[in-house]
Amino acid sequence: MSYRDDLTRMARLEVVLEGEDVPALRDLMTSSGVVGFTMVSGVSGLGHGGFRSGSTLFNEHDSQSLVLAVAPEERIETLVVGVRELLRERPGVMFVSDVYVSRPDHFR
Amino acid sequence: MSYRDDLTRMARLEVVLEGEDVPALRDLMTSSGVVGFTMVSGVSGLGHGGFRSGSTLFNEHDSQSLVLAVAPEERIETLVVGVRELLRERPGVMFVSDVYVSRPDHFR
Amino acid sequence: MSYRDDLTRMARLEVVLEGEDVPALRDLMTSSGVVGFTMVSGVSGLGHGGFRSGSTLFNEHDSQSLVLAVAPEERIETLVVGVRELLRERPGVMFVSDVYVSRPDHFR
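Residue numbers (this note's numbering), protein chains in the order written: chain G, 1 to 108; chain D, 1 to 108; chain H, 1 to 108.
In short, the hints are calculated from the structure, not lab data.
Keep in mind that the hints are not guaranteed to be accurate.
[What the hints assert, rightly or not] Residues on chain D that point at chain G, a partial pick, calculated with CB under 7 Å:
#1 Y3
#2 G36
#3 M39
#4 V40
#5 Y100
#6 S102
Even for Gly, the Cβ is constructed at its ideal location relative to N, Cα and C.
Build out the structure end to end from the sequences listed, making use of the hints.
Structure, rendered in structure tokens:
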């Protein structure tokens with residue numbers, strides 16, 4: 001797998017949250033230095049684990065957004081701290097995974 | 001990467017299938033104890049590998065759905081067995097990957 | 001995690017690019033032997049890293065597509081070389097990750 005040697009390992013954060021919370025997420029990304037993202041709007045779902053926040057059930061509307069950001073590990077780390085705080089008050093889930101990119105300068 | 005130590009490893013299952021098969025997938029998730037998911041409807045694609053099932057080619061309509069579920073490994077294992085059986089008769093693909101979450105209780 | 005032993009490791013390539021560049025990506029997939037894919041159209045985003053190509057900023061329209069392909073590592077390797085070349089001239093990003101499939105024949 002020699003071509004993998006030419007790829008740089010980064011972290012990928014995916015956040016599923018209510019559309020109205022996207023601007024708050026964007027602010028967190030900006031302050032974490034995570035400048036790029038891809039967003040799929042109009043996704044539906046049930047909160048993983050039936051997550052509730054106050055009286056709000058994270059449920060099967062198509063009002064949610066899936067936001068995907070790829071960045072160096074340390075920036076994702078900063079972002080994760082902020083998103084965890086955001087989602088303490090709001091319905092949503094996030095998960096981190098490993099990803100490899102060919103042009104790391106585009107993710108910094 | 002110390003923040004990773006605070007994250008819990010779980011499994012992520014992605015299933016791409018015909019929209020009409022989503023209810024059957026939902027039943028499998030329920031019986032596997034996988035209560036949370038995110039769904040992107042209206043995706044298109046060609047069956048990976050040109051997969052055919054009977055006379056049905058899994059093809060480039062936008063009638064397919066991408067369903068993403070994150071759960072503890074043992075629940076994904078149970079779900080994978082069911083989905084494999086479901087997709088024996090129906091067009092679709094699934095894949096498993098590793099993912100790390102910050103609030104594992106939300107995925108159980 | 002014994003069920004993982006029954007799964008085959010493959011590579012997953014995700015490409016976010018302008019909708020008008022999807023046919024060029026499709027051609028690259030065909031010539032790489034990557035016959036299956038899933039596409040989410042109408043995604044929005046900012047180029048990871050604020051990537052620019054000429055005067056075109058890869059920006060927050062919903063004119064972008066997220067294309068996901070799962071295939072054996074060596075085919076993804078060939079495809080990555082082509083996509084890197086394609087994205088030299090055009091806005092977009094790509095990333096590779098590991099994925100495990102239960103029916104590897106469907107991805108070849």
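For each hint, the structure was consulted:
Taking 7 Å as the C-beta cut-off, the interface hint given for Y3 (chain D) holds, the closest approach to chain G being about 4 Å. With 7 Å as the threshold, the beta carbon of G36 (chain D) comes within range of chain G, its nearest partner Cβ sitting at about 3 Å, so the hint holds. Interface hint status for M39 (chain D): upheld, as the beta-carbon distance to the closest one in chain G is roughly 5 Å, under 7 Å. Restraint check, V40 (chain D) versus chain G: the minimum CB separation of about 5 Å is within 7 Å; hint holds.
Checking Y100 (chain D) against chain G: minimum C-beta separation of about 4 Å stays under 7 Å; hint holds. Here the hint on S102 (chain D) is kept, as its CB sits about 5 Å from the closest CB of chain G, short of 7 Å.
In the structure shown, no violation is registered for any of the earlier numbered hints.
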